[in-house]
Amino acid sequence: MRPNRSLATIAMLSAGTLVLAACSSKPPKQLPPDPGGAVSTNTSQGTMQQGIVPGSQADFAQQMMGQDTIYFETDKYNIDAADEMALQAQAAWLARYPGKRATIEGHCDERGTREYNLALGERRANASKNYLASLGIDPARLTTVSYGKERPIALGSDEASWAKNRRAVTITID
Amino acid sequence: MKLVPTILLAALLSGTAIAQDAAPPVAPPAEGQGIDVTVSDDSDWQDLGIAIPAFATNADVATQTSAGSTGQLGLALAQVITGDLKNNGLFKPTGPERLPRPELGQIQAPDYPTWAGRRADMLVQGFVRAESNGQVTVGCYLYDVALNQQLGKAGWTVPPGEWRRAAHKCADMVYARLSGENPFFDSRIAYIAETGPKDHRIKRLAIMDSDGANHRYLTTGQATALTPRYSPDYKAILYLSYYNGQPRIYIYDLESNTQRLLLKANNPLFAPRWSPDGKWVLYSMAIAGNTDIYKMPAAGGAAVKLTTSPGIDIGGSFSPDGTRIVFESDRSGSQQVYVMNADGTNQHRISFFGGRSATPEWSPRGDQIAFTHIAGNFRIAVMDPSGGSLRYLTDAWQDEAPTWAPNGRIIQFFRTARGSGKTGVWQVDLTGRNERKLETPVDGSDPAWGPLRP
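Those sequence lines, one after another, are chains A and B. Heads up: the first sequence runs through residues 1 to 174, numbered per our numbering. Heads up: the second sequence runs through residues 1 to 454, numbered per our numbering.
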């Protein structure tokens with residue numbers, strides 16, 4: 001298990017410095033006020049760990065260690081054993097922070113037609129949502145969105161890249 | 001703005017009637033300036049050498065057109081007509097740069113021996129005249145050189161901003177007269193203009209004429225826009241755009257340059273389509289992982305759910321008479337093409353080719369359905385409405401999303417490059433032999449060809 005960072009975090013908060021992780025593909029709803037030139041904008045994990053707020057998206061992304069994303073076979077949307085483990089980890093975190101809401105983004109690889117992939121991405125996001133709900137997470141806390149093949153994370157045109165792009169990513173809402 | 005057809009009265013050229021009798025001879029062809037009779041296809045009529053000299057004018061005066069004076073406009077008109085006839089791949093015309101410009105008096109009385117000497121089978125020539133109200137009148141004539149016979153003529157008076165339409169109308173007249181097919185050049189295309197790296201593509205709604213001219217971006221790219229469709233009257237475009245992270249269907253009003261949500265729903269909405277009469281809109285909505293096709297009045301109102309299968313039912317394209325809809329569904333386990341009546345009854349699969357069949361679009365002629373066939377490569381193919389007579393038109397790594405020319409003889413689609421993910425709008429005719437990329441300012445996808453303009 002990872003060490004509890006709440007003490008460090010409280011110290012950071014009291015210092016008035018709130019650092020948001022850039023792990024999410026969405027910008028934070030409110031950008032922090034420009035602190036001037038003193039704050040590093042380095043978002044690598046090493047520096048970020050010091051400023052992560054428990055219950056934040058940054059905390060979620062760090063705690064999940066990659067399990068914020070589940071992966072699918074070509075044209076499939078079923079939840080396999082690896083997905084179950086990832087979703088259980090996600091559910092545990094969501095259970096710890098019952099006030100947090102999350103969006104699940106469904107994605108596809110480039111080897112599909114555009115409109116079908118939008119629907120397929122939605123189906124994958126929904127499969128993830130359904131499994132989290134089956135683990136006791138209130139589905140009202142979970143929204144889904146599909147980007148189809150429009151937002152690949154791996155840029156190659158090969159099976160390894162496509163496998164990385166067939167995914168559902170859970171992003172908690174700060 | 002409406003294009004006003006002009007009746008080519010003798011009066012129009014009456015001032016030059018005498019000159020017609022004493023037409024100055026066209027300069028003899030210089031070495032190497034004959035008509036190249038190049039065959040790009042097998043049909044006989046495509047072997048025709050078509051000469052398209054610069055259009056004549058009664059007086060070289062300034063116009064408000066982007067082309068310049070009437071003299072420059074006469075050259076530009078011939079260039080646009082040449083481009084139209086050349087770029088669809090069916091003809092190999094010789095444009096005005098390599099031909100002498102006829103005098104006004106020769107427009108209705110061609111110097112046949114001179115054109116025959118240049119080995120021209122067909123002659124397209126015309127005139128341009130500036131009107132006092134700023135409009136321009138364009139006359140267009142088609143002659144069979146061997147027969148010494150006029151095959152067609154037409155004329156239009158257009159606002160200065162629409163001079164290219166007169167050229168497209170002329171090219172349409174020539175194409176229709178020589179091929180026996182319906183015209184299509186005077187039409188527009190909506191598509192998605194793409195820029196940026198593969199993982200951060202900016203996708204903007206854009207429109208252009210059928211030859212790529214008069215290009216205009218309609219959205220800024222802040223929100224991803226996808227899958228546009230021109231309304232049958234060209235007044236609006238249906239398209240998908242992300243709003244607050246959810247795909248929604250918008251109508252872009254081209255007269256007011258405003259956009260509005262077609263409908264508000266808490267579920268993702270995809271694949272908007274017009275009915276042929278513009279009165280209905282098809283769309284697809286996902287609810288809890290299940291996507292179905294709905295139909296609603298374009299003016300707003302209650303939607304009717306047309307499909308109920310537990311799979312993904314998406315897309316849809318009306319038959320030209322509006323009685324049937326071809327759509328795609330994975331209810332069998334993979335994407336396949338289905339046909340149903342416009343009220344959702346009698347749903348049946350028509351694609352049985354192996355692989356997956358997607359993005360069906362019914363031809364405006366009603367006789368064919370274009371679609372994307374996926375078996376390894378993504379290829380554009382056509383079949384008849386009962387699923388027979390499969391024919392492939394392209395073979396590249398990834399071609400998808402066909403859209404028909406107004407006359408049902410040419411198909412546009414978009415091609416994605418392996419690796420870079422760069423996209424381009426391409427077109428191919430029904431023989432599959434004449435394939436070319438459309439020139440767009442940036443990458444392009446999701447072309448949607450509108451109908452012939454009135």
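There may be inaccurate statements among the hints.
Said to hold, decoys possible - The calculated SDA-like cross-link candidates involving lysine to any residue, where the alpha carbons are at most 25 Å apart (straight line), are: (1) B:198 <-> A:157; (2) B:295 <-> B:276; (3) B:422 <-> A:153.
In short, the hints are calculated from the structure, not lab data.
Worksheet item: For which of the previously enumerated hints does the structure constitute a violation, in increasing order of number?
Response: No numbers; nothing is violated.
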